[in-house]
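Chemist: Each chain, written out:
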Amino acid sequence: MRATLLLTISLMAACRGEQPRELRVAAAMSLRGVFTGLEAGFEARHGVDVVFNFAGSQILAGQIAEGAPVDVFAAADEPQMRRAITSGRVKDASVFAHNRLVLITPVDGSVSGPAELGRPGLRLVLAGPGVPAGAYARQALLELGVSQAALANLVSNEENVRGVIGKVSAGEADAGVVYATDVTAAVVDKLKVMPLTVTVQPRYEVAALVDSPEPALAAAFVAELHGADGQALLQQHGFLSP
Amino acid sequence: MSLRPGRPGQAHLVLTLLGGAALVFFALPLVGLVSRATPAGLWRQLGSPTVQAALWLSLEVSLVSLGLCLLLGFPLAFVLARVAFPGRALARGLVSLPMVLPPVVGGIALLSAFGRKGLLGAALAKVGVVLPFTTAGAVVAVTFVSMPFLVMTLEAAFASVDPRLEQAAATLGASRWRILRTVTLPAIRPALAAGLALCWARGLGEFGATITFAGNLEGRTQTMPLAVYDALQTDPEAAITLVLVLLAVSLTLLMALRGRISRR
Chain A
605 MRATLLLTIS LMAACRGEQP RELRVAAAMS LRGVFTGLEA GFEARHGVDV VFNFAGSQIL
665 AGQIAEGAPV DVFAAADEPQ MRRAITSGRV KDASVFAHNR LVLITPVDGS VSGPAELGRP
725 GLRLVLAGPG VPAGAYARQA LLELGVSQAA LANLVSNEEN VRGVIGKVSA GEADAGVVYA
785 TDVTAAVVDK LKVMPLTVTV QPRYEVAALV DSPEPALAAA FVAELHGADG QALLQQHGFL
845 SP
Chain B
665 MSLRPGRPGQ AHLVLTLLGG AALVFFALPL VGLVSRATPA GLWRQLGSPT VQAALWLSLE
725 VSLVSLGLCL LLGFPLAFVL ARVAFPGRAL ARGLVSLPMV LPPVVGGIAL LSAFGRKGLL
785 GAALAKVGVV LPFTTAGAVV AVTFVSMPFL VMTLEAAFAS VDPRLEQAAA TLGASRWRIL
845 RTVTLPAIRP ALAAGLALCW ARGLGEFGAT ITFAGNLEGR TQTMPLAVYD ALQTDPEAAI
905 TLVLVLLAVS LTLLMALRGR ISRR
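These protein sequence lines map, in sequence, to chains A and B.
Heads up: the first sequence begins at 605 in the working numbering, then just goes up one per residue.
Heads up: the second sequence begins at 665 in the working numbering, then just goes up one per residue.
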């Protein structure tokens, strides 16, 4: 009995030594499509297992501040990256992409533009003010001059952009503001998409954490995003250059 | 406690140690929370309009929901325990489903039934009753996830009442309603207290179904758990204080509730 136990433990210990190195990337939810797109290539070239944690940037920044084990952080806005910098775990961050904001309505909706967002009885859904997408959306509404009227119709502050897409594509909400890149093939048939002509440009920053146990790999991942292939993939997914 | 000669109290000791460890497991997170809060911060949070709105909304939604659970769950538990109808096993399974479903999934299910394009929701919308994004919607979400706790506790209690007591009352000429009121109800009092407490506590802490079905808007649908989650993302200190406030309120009410109903 004891011999079996010892054998099992030593086998487990031996197996652990053969595991590939891990690179843990915490990235904004809106980067999910493009990051999973470059995962396979990066893993093959560097002999590493890339583990992603996709969530609202504000959640990730909080986790990083609490000491979560992360090697690379990609945030959807500067305030969340600043939180990571303030925590001391990030020193330098670089912008690697921009995005655009769009107004979405259900495909059978009757809203034809941002001016109608103040219509009485309309149900507007946005990401919460603490979420990058929600902050950008509010800036955009302010710039369009419809902020007060539209926010009077706000019925929910979603925790991330997917919540907004979900509620609008299901027809529960009449309008929402999301990133252009969030309108994926899976939902495009259920939505009417209207670009917003504003100067607000969501910007994405990436940084390798200073206490990462894999600094070379982390730096390589950051470089990949800035490199030609990474940029091409980003643009393929609808992102704009930095 | 031990029956083996020569080893007095060993089982007792082991059980006490393990039980003590379990108690520490529960107490440690609370102690951690308290250690992070400050009296000044706590007082400031209590004065914030967001916190007050969330607190009142939580109490309102959870208590209205508790009433609904009692109104609908009590008869359901009685029927499940006492009436043998075809498909009873399926009914029992259905009732316990919300306990097994992740709350967000419950919210999605509620949308498919009561949403604007839902099964019943579409018809309701035509007569002007819209549940998503309203306080009533929050009540529906909370009722959906917490009623099973009341129903299952009560069902077990109804089934365990000695039938001879009720039969005796019947032979003495009491009507069905009278039997229920004077024999059955007193017998299930402790279970009723436990069921109500569980149901209410579950409802107070509900998050996933509420945010998915009713949304998240201060003053209308942002109950305490939603407010805590919001605060956690931008101001962790505020979140801790909110949690402590919620804990204090629920603990007080829970203790008072259990004390009043199970007192004989």
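Honestly, the hints are just simulated from the structure, not real lab data.
Honestly, I wouldn't trust all of these hints.
Straight-line distance between alpha carbons at most 25 Å, and here's what the computed BS3-like set of lysine-lysine pairs gives [stated by the list, open to error]:
| id | chain 1 | residue 1 | chain 2 | residue 2 |
| --- | --- | --- | --- | --- |
| 1 | A | 794 | B | 781 |
| 2 | B | 790 | A | 695 |
| 3 | B | 781 | A | 796 |
| 4 | A | 695 | B | 781 |
Quick list of simulated restraints, FRET-style, between CB atoms [claimed, not checked]:
| id | chain 1 | residue 1 | chain 2 | residue 2 | range |
| --- | --- | --- | --- | --- | --- |
| 5 | B | 707 | A | 645 | 50 to 60 Å |
| 6 | A | 699 | B | 920 | 53 to 63 Å |
| 7 | B | 735 | A | 645 | 53 to 63 Å |
Now the stretches of chain B that chain A is said to cover, found in silico as 3 or more residues with beta-carbon under 8 Å [claimed, not checked]:
| id | region |
| --- | --- |
| 8 | 774–780 |
| 9 | 889–896 |
By construction, the Cβ of each residue, glycine as well, lies at the ideal position given by its N, Cα and C atoms.
Chemist: Confirm or reject each hint.
Modeler: Hint-by-hint comparison with the structure:
1. 794(A) - 781(B): With a Cα-Cα distance of about 13 Å, the restraint between residue 794(A) and residue 781(B) holds, given a limit of 25 Å.
2. 790(B) - 695(A): violated, 56 Å
3. 781(B) - 796(A): Given that 25 Å is the threshold and the Cα spacing comes to 18 Å, the pair holds.
4. 695(A) - 781(B): Given pair residue 695(A), residue 781(B) is violated - Cα atoms ~49 Å apart, limit 25 Å.
5. 707(B) - 645(A): 50 to 60 Å: holds, 55 Å
6. 699(A) - 920(B): 53 to 63 Å: Hint holds: Cβ distance 56 Å, inside 53 to 63 Å.
7. 735(B) - 645(A): 53 to 63 Å: Roughly 59 Å apart at Cβ, these two residues keep to the hinted range, so it holds.
8. 774–780: holds (count 3)
9. 889–896: holds (count 3)
The earlier numbered hints that this structure contradicts are 2 and 4.
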